[in-house]
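Turn these sequences into a full structure, and let the hints steer you where they fit.
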Amino acid sequence: MIRIPLLPVVTVLFFHRVMAQDVPPEPAAEEVEIPPEEVLTCDYPQRPEREPFPSTNPNALTLDGDTEPNNTFHTAKPIRLGFADGFQPDVDIEAKIDRTFDVDWVKFEAGEADTLGVAVLAKSKNGLDSTVSLYDAKEKVLITNESHSGVTVNYPPVSPLPAPGYLTDPAFSYTFPAAGTYYLKIKGDGANVGPYQAQLRLRRPPMWERASGKCQILFLDFDGATNFRASDYFGAKTVELTNLSPFGSFLDNWKIDPSREPHLIHGITAEVKKHFNQLLAGTESKIEILNSLEQPDPFGEKNPEVSRVIVGGTIREFGNETIGLSQFMDPGNFSTNDTAVVLLDGLSAPSTNSNSVLNLKRASTFSVEQAVVRVVARVIVHEACHFLGCVHTENDNATPSTADGGSNLKNLAGVGPDETLGTADDPQVVICDDHFAQEGFSAFPSKERELVTAKVKAALAVGRQTLLAETAAVKTAITDLRKVHNRNILLSQQQQLRRFQLGQLQQQTLRQLQEEASFASQLQSMTAGSQKWLNQANHDGPLLVTPSEQMSESAMRFQQAIEQYEKRLGSLEAAGR
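Here the sequence shown stands for residues 117 to 693, where the numbers follow the numbering used here.
Errors might be hidden in some of the hints.
As the list claims (entries may be wrong) - Taking lysine to any residue and the SDA-like style, the derived pairs with C-alpha atoms no more than 20 Å apart in a straight line are: (1) K389 with F415; (2) K390 with E485; (3) K301 with E262; (4) K193 with K223.
Please keep in mind that the hints were generated in silico from the structure rather than gathered at the bench.
This is the structure:
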């Protein structure tokens, strides 16, 4: 959230909703006087509460008296949440906090880049008021929530992460920076008791399901927008149908020659790329940054991996008192074709307006163009981080971050202690982890950290459909080979049993012949033949052998094939994590 005071007296015009297909040149408007203390912010869209997902799991895990003790970290009940055989990515827990200070603990395994969504639903409006916390294996609390305060409202409709039922129900999402064992703790608020349902949803990066090599594309649109249905993207507090002025129309406000527009667009694009490249260096994650100066507009249904930031427009045109607004807050990046806006009337206002880039004191060697490039690029990154899943982080601390919200443009610009932009003491403002901002929407304690880096890296995972398909094919091949191999072993054992039974019969016949003295000559002849057969059998080895002691050439080939496939599977799974 970027809070910036407006001029002492400001008049903002809001369009009435227009139902015609074209925007009239002179729309009807109403004047709204904003008081001097009014601020512009990076806002969140205004949407109604999401409906909680009904539980349709007939195999919901029940925690009852028979499950106790599970009221401490060390007695947490293991749950089969995950992706391995016998595990499920969706787990519902039916339980009850039935006495004061009662606590339920469960534990599970998660992989690096997995995203967990949690919602704890009371069974009635005046029922359990609960708190849910996530811990690591060292019993360190990672995130806590006692009331979601609308945190799930701006998940996109395609997100599988659960929504709470009542305002007092807790909910959160968390992207794991490392694989390991994690713990959930659910408790009542004080003496509050009652039944609840905990919905847990674990997901791997959805981009992995895309074609191999596919990545998120971010399109920077400096051309404005025509017949733009803002309310379709951002809900209430925006105009239904409008035009947004292009970036170039604001250059005169900064006293920048129009011929410099391509230079500024190149500079802003390069600055945005720098922020993401610094974060993603040495990882398998990737983002492609395009702009409207150099590429045709790729946004639309034909390119589902393209999200855009429209850089242009005014509060009057857009209808929301904001500098920036992102369509969704999407932990995991389940929706990859989102829209954000960066409005420029505040940023290009006169120098007396603390919304403006011109209000920043600059070093003599740091031009207005450089200041515009730096500030606009960082607002773009800030909004992109929202639709990649991040909420605001603390503005007034020693960790300047592009995800910071607050009332200080200097923080985002990176103004150092000397209060002058473009000097040696300017701090680096990057995509980084920071404490949660203390604003009602976030509803997370300030001591806990928003893992911006883990969220963004997971959101920008690269498609690995071919890898996943080959992994599945290798697993199937191993299963099939083992079936054939086991069948061959069984047939071999059956043949050996028949051979043993035949040998028993031969020995019995030999004994019978030896007992018949009257057939001495025949005994001698038959004994010699049987003994020869037995000698050959003994020479071949024991009559009853295990597969590991004696294996046919065919079985050996099957075993070698299985071992080769298992080795390949190990490589694929290592690449997949």
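Here is what the structure says about each hint:
Restraint check for K389 and F415: satisfied, since their Cα atoms lie roughly 19 Å apart, inside the 20 Å limit. With a C-alpha separation of about 17 Å, the suggested pair K390 and E485 falls inside the 20 Å cut-off, and the hint holds. Restraint check for K301 and E262: satisfied, since their Cα atoms lie roughly 12 Å apart, inside the 20 Å limit. Restraint check for K193 and K223: satisfied, since their Cα atoms lie roughly 6 Å apart, inside the 20 Å limit.
When held up to the earlier numbered hints, the structure conflicts with none and fits them all.
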